[in-house]
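Participant: One-letter residues, chain by chain:
2 protein chains.
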Amino acid sequence: MRDLLPDEVALRDGAMAQILAVYRRHGFLRIETPAVESLRLLLRSDGGENEKLIYKILKRGEKLATADRPEDMADLGLRFDLTVPLVRYYAHNHARLPQPLKAIQIGPVWRAERPQQGRYRQFTQCDIDVLGVASEVAEIELILATTEALAALGLKDLTVRLNDRRLLSAIVAHCGFDPARAGSVFIALDKLDKIGRDAVATELRETGHPAEAASRLLELLGAVATPAALRGLLGRGVDESVWRSLERILETVTTQAAGRFRLAFDATLVRGMGYYTGPIFEIQYGDATSSIAGGGRYDRMVGKFIGRDVPATGFSIGFERVIGILMERGAVPESEGARVALVFDDTMELGPVLSLARDLREQGRQVVLEARGKRLGKQLQDLEARGFRRIAVMGADGTIEWREPRGAGAGETGA
Amino acid sequence: MRDLLPDEVALRDGAMAQILAVYRRHGFLRIETPAVESLRLLLRSDGGENEKLIYKILKRGEKLATADRPEDMADLGLRFDLTVPLVRYYAHNHARLPQPLKAIQIGPVWRAERPQQGRYRQFTQCDIDVLGVASEVAEIELILATTEALAALGLKDLTVRLNDRRLLSAIVAHCGFDPARAGSVFIALDKLDKIGRDAVATELRETGHPAEAASRLLELLGAVATPAALRGLLGRGVDESVWRSLERILETVTTQAAGRFRLAFDATLVRGMGYYTGPIFEIQYGDATSSIAGGGRYDRMVGKFIGRDVPATGFSIGFERVIGILMERGAVPESEGARVALVFDDTMELGPVLSLARDLREQGRQVVLEARGKRLGKQLQDLEARGFRRIAVMGADGTIEWREPRGAGAGETGA
Numbered sequence: 005m006r007d008l009l010p011d012e013v014a015l016r017d018g019a020m021a022q023i024l025a026v027y028r029r030h031g032f033l034r035i036e037t038p039a040v041e042s043l044r045l046l047l048r049s050d051g052g053e054n055e056k057l058i059y060k061i062l063k064r065g066e067k068l069a070t071a072d073r074p075e076d077m078a079d080l081g082l083r084f085d086l087t088v089p090l091v092r093y094y095a096h097n098h099a100r101l102p103q104p105l106k107a108i109q110i111g112p113v114w115r116a117e118r119p120q121q122g123r124y125r126q127f128t129q130c131d132i133d134v135l136g137v138a139s140e141v142a143e144i145e146l147i148l149a150t151t152e153a154l155a156a157l158g159l160k161d162l163t164v165r166l167n168d169r170r171l172l173s174a175i176v177a178h179c180g181f182d183p184a185r186a187g188s189v190f191i192a193l194d195k196l197d198k199i200g201r202d203a204v205a206t207e208l209r210e211t212g213h214p215a216e217a218a219s220r221l222l223e224l225l226g227a228v229a230t231p232a233a234l235r236g237l238l239g240r241g242v243d244e245s246v247w248r249s250l251e252r253i254l255e256t257v258t259t260q261a262a263g264r265f266r267l268a269f270d271a272t273l274v275r276g277m278g279y280y281t282g283p284i285f286e287i288q289y290g291d292a293t294s295s296i297a298g299g300g301r302y303d304r305m306v307g308k309f310i311g312r313d314v315p316a317t318g319f320s321i322g323f324e325r326v327i328g329i330l331m332e333r334g335a336v337p338e339s340e341g342a343r344v345a346l347v348f349d350d351t352m353e354l355g356p357v358l359s360l361a362r363d364l365r366e367q368g369r370q371v372v373l374e375a376r377g378k379r380l381g382k383q384l385q386d387l388e389a390r391g392f393r394r395i396a397v398m399g400a401d402g403t404i405e406w407r408e409p410r411g412a413g414a415g416e417t418g419a
Numbered sequence: 005m006r007d008l009l010p011d012e013v014a015l016r017d018g019a020m021a022q023i024l025a026v027y028r029r030h031g032f033l034r035i036e037t038p039a040v041e042s043l044r045l046l047l048r049s050d051g052g053e054n055e056k057l058i059y060k061i062l063k064r065g066e067k068l069a070t071a072d073r074p075e076d077m078a079d080l081g082l083r084f085d086l087t088v089p090l091v092r093y094y095a096h097n098h099a100r101l102p103q104p105l106k107a108i109q110i111g112p113v114w115r116a117e118r119p120q121q122g123r124y125r126q127f128t129q130c131d132i133d134v135l136g137v138a139s140e141v142a143e144i145e146l147i148l149a150t151t152e153a154l155a156a157l158g159l160k161d162l163t164v165r166l167n168d169r170r171l172l173s174a175i176v177a178h179c180g181f182d183p184a185r186a187g188s189v190f191i192a193l194d195k196l197d198k199i200g201r202d203a204v205a206t207e208l209r210e211t212g213h214p215a216e217a218a219s220r221l222l223e224l225l226g227a228v229a230t231p232a233a234l235r236g237l238l239g240r241g242v243d244e245s246v247w248r249s250l251e252r253i254l255e256t257v258t259t260q261a262a263g264r265f266r267l268a269f270d271a272t273l274v275r276g277m278g279y280y281t282g283p284i285f286e287i288q289y290g291d292a293t294s295s296i297a298g299g300g301r302y303d304r305m306v307g308k309f310i311g312r313d314v315p316a317t318g319f320s321i322g323f324e325r326v327i328g329i330l331m332e333r334g335a336v337p338e339s340e341g342a343r344v345a346l347v348f349d350d351t352m353e354l355g356p357v358l359s360l361a362r363d364l365r366e367q368g369r370q371v372v373l374e375a376r377g378k379r380l381g382k383q384l385q386d387l388e389a390r391g392f393r394r395i396a397v398m399g400a401d402g403t404i405e406w407r408e409p410r411g412a413g414a415g416e417t418g419a
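Those protein sequence lines, which keep their order, are chains F and S.
Quick note on numbering: the first sequence equals residues 5 to 419 in the working numbering.
Quick note on numbering: the second sequence equals residues 5 to 419 in the working numbering.
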């Protein structure tokens, strides 16, 4: 976990505000759940590997004193994603929520991962979810809203990859895998981009799947490029409604995208989580292979809580990755230019400098008061280095001298 | 800990944005620290009672396996306030931070308190702090910025109470208490508003202080109303600079307040935390006795980390209490009026409704798409009840019929 310095916070706050503004215009409403959930909830969530990375909270007082085994020492944990808490939230509050619910969640999640470049133990996720809509119109809205949010941040070279878990299941059955073990086929296949075909084939064999099925699967996925080709292969193994939904998403989103981003069917797209039941999608930026956003439909998760299934689908922006891209580009938060420094003499009455500050603030300026130090020249240099474009020095007699930072003009003409 | 429904989140987000805007205009920069800190840090922080309420995080793997006693089971904890993490942050990052640092922090903190009305185990704090300014100009800025932030939320009936821990120490010595035990006198005195004079006197006697000192203290505090009167009593027991600083704050802030809020010296103000070293202050709203914001100077806390003292002072808004007041007043988030519902036929092509939605969003509208249900009348009523002021129904032939919610006009004239 790490500290965020003011410049990074300003960049993050700006990005978050832009994402939120787009999502609000798309009719989503922000909701909030606590950081801490019951361990029982977190551990029964189909969260896969993430469940092993939960930070558990030590019981207190009496409850701790009577706990004998390490696994009884905790009954709460920090959330590892925003989907599991959302489903709990919906189950708990659905009578008081608009139906369908279009929810925005932005907040920190925690995973006890080994520290590595670009991975943090506390990181921010930014999700939108639609609960209560079975139609693929929900996926279409998620994709349009998320690509628009990313474009608002200046990320324009976007490719959306689309697949459907029901197609993947049909492919797995078609290739001769045991359908009951489709989950472990998906886990191996999910690594295709990272480890390559041979390693995936090896993993499939080593987890006890027939070598022949593995070969057929990799051959099929290497050959199939379009839904039509796949349809020819799988025939009646897939319900007609799956094809219709896939085609409606492809056609509608491609028309709406109007060249602003690309949408491509990709039969090799898997997504990690065990809970997906329908369309799944990811967004890639530029020519990076890793995704900056991902999501999918999880129609059977709410049912585990309230006894009746509620259709649900969501899209999550990898906020840290997006911020990483913006920082690499040298993005500067907008407000910086608006900052004004007033250097004053702290041995004098403060009235005049406070009144001037007040006037400037009423004009929307961000005003920093700085007591005049012993070395005014050095102090002014430091203020310029900190990015102040306007600096005023108040004299002991109440006069005001405005300084033009040397860097300001030169930077503009020299660029 | 609790879930926040969309309306409350919208109200909180709006309030937070207004507070942040005021603080930014006052030259403060937002910083962020992780939710999780080392337990060693949290436990040596002079945090008083709050240290007992820390949520501790269970060690993992090897480290847990080799922990024998309950007190060895955890080495991390959730932060219980934003001041302790700020000081750790400053010590860690000061070479990369502007000097002086004017920091904003907004974020959740956690305390394992017994649940009760208006108290939550996860709650939001909103702090500003100035690190590196010894002059009382820092306190003046904190008070002006915080009262302006609260006024921006519509909370105009504000009283700032001001005292100084150095005066309190002198009073305690003057009354005959053991100066080395001033801390426990402060703890008892802090309850004066809640439990009254007699109960405070009893607590002082029961914690081993001389009964005579307790009587003198309560008599003195009952009689003294102005700094001048107190100065007459304490004479040379207080350094001249303390009086000068107090008077400069009182005069400057009163002039700047220009009737927008009240500022009053209050010799009975104590503030709970052990780490205060100079001016302390609280804000009351209306005629409530409890405060909605509080803070003070803590010049010796940074020194514990970096070996040299750095002057520091901060002001914390009790965000949950402020939101409570806004909700009681029935405050409505601004954006609600901007929401538009488009009811469409999901069996038709989506192009026309998506294009209309896009046009409206480009005008800044928040647009919700709603698939037409079996009972349109009921559906329109529900949308009106959810607060939509504009609703369009798209016909199967692409026509658009705009509906004027019945409630809208009536509400405006009937109010």
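Each hint should be verified, as a subset may be incorrect.
Any copy, or any two copies together, can satisfy a pair, since identical chains are not distinguished.
[As the list claims (entries may be wrong)] Think about it this way: if two alpha-carbon atoms lie no more than 25 Å apart in a straight line, the pair counts; the simulated SDA-like pairs of lysine to any residue are:
| # | residue 1 | residue 2 |
| --- | --- | --- |
| 1 | 382 | 100 |
| 2 | 382 | 315 |
| 3 | 67 | 209 |
| 4 | 378 | 303 |
| 5 | 160 | 119 |
| 6 | 382 | 103 |
| 7 | 56 | 217 |
| 8 | 63 | 75 |
| 9 | 382 | 400 |
| 10 | 67 | 127 |
| 11 | 160 | 263 |
| 12 | 67 | 47 |
| 13 | 160 | 368 |
| 14 | 67 | 55 |
| 15 | 67 | 123 |
| 16 | 56 | 225 |
| 17 | 56 | 67 |
| 18 | 160 | 363 |
Source of the hints: derived by calculation from the structure; they are not laboratory data.
Participant: Hints first: check each against the structure and report whether it holds.
Facilitator: For each hint, the structure was consulted:
In this assembly of identical chains, residue 382 and residue 100 lie within 25 Å of each other by CA distance solely across copies; the values are 17 Å between and 59 Å within a copy. For the identical chains of this complex, residue 382 and residue 315 are inter-copy neighbours only, at 22 Å across copies versus 63 Å inside a copy, given an alpha-carbon limit of 25 Å. In the homo-oligomer, the alpha carbons of residue 67 and residue 209 never lie at most 25 Å apart, since the shortest distance is 46 Å inside one protomer and 35 Å across protomers. With identical chains, the CA atoms of residue 378 and residue 303 are at most 25 Å apart between copies only, with a shortest distance of 22 Å across copies and 67 Å within one.
For the homomeric pair residue 160 and residue 119, neither the shortest alpha-carbon distance inside one copy (30 Å) nor that between copies (48 Å) is at most 25 Å. For the identical chains of this complex, residue 382 and residue 103 are inter-copy neighbours only, at 13 Å across copies versus 61 Å inside a copy, given an alpha-carbon limit of 25 Å. With identical chains, the CA atoms of residue 56 and residue 217 are never at most 25 Å apart, being 30 Å at best within one copy and 59 Å at best between copies. Taking the closest pair of Cα atoms, residue 63 and residue 75 come within 25 Å of each other both inside a single copy (11 Å) and across two copies (12 Å).
With identical chains, the CA atoms of residue 382 and residue 400 are at most 25 Å apart within one copy only, with a shortest distance of 19 Å there and 71 Å across copies. Taking identical chains as interchangeable, the C-alpha atoms of residue 67 and residue 127 lie at most 25 Å apart only when they sit on different chains, with a minimum of 24 Å there against 30 Å within one chain. In this homomeric assembly, residue 160 and residue 263 come within 25 Å of each other (Cα to Cα) only inside a single copy, at 10 Å, whereas the closest approach across copies is 51 Å. Taking the shortest Cα distances, residue 67 and residue 47 sit within 25 Å of each other both inside one copy (20 Å) and across copies (22 Å).
Proximity of residue 160 and residue 368 under a CA criterion of 25 Å is satisfied inter-copy only: 21 Å between copies versus 31 Å inside one chain copy. Taking the shortest Cα distances, residue 67 and residue 55 sit within 25 Å of each other both inside one copy (23 Å) and across copies (19 Å). When the C-alpha separation of residue 67 and residue 123 is checked against a cutoff of 25 Å, the pair qualifies only between copies, where the shortest distance is 22 Å, while the shortest distance within a copy is 34 Å. In this assembly of identical chains, residue 56 and residue 225 lie within 25 Å of each other by CA distance neither inside one copy nor across copies; the values are 31 Å within and 58 Å between.
In the homo-oligomer, the alpha carbons of residue 56 and residue 67 lie at most 25 Å apart both inside one protomer (23 Å) and across protomers (16 Å), since each shortest distance falls under that limit. In this homomeric assembly, residue 160 and residue 363 come within 25 Å of each other (Cα to Cα) only across copies, at 20 Å, whereas the closest approach inside a single copy is 40 Å.
Violation of the numbered hints given earlier is confined to hints 3, 5, 7 and 16; the remaining hints are satisfied by the structure.
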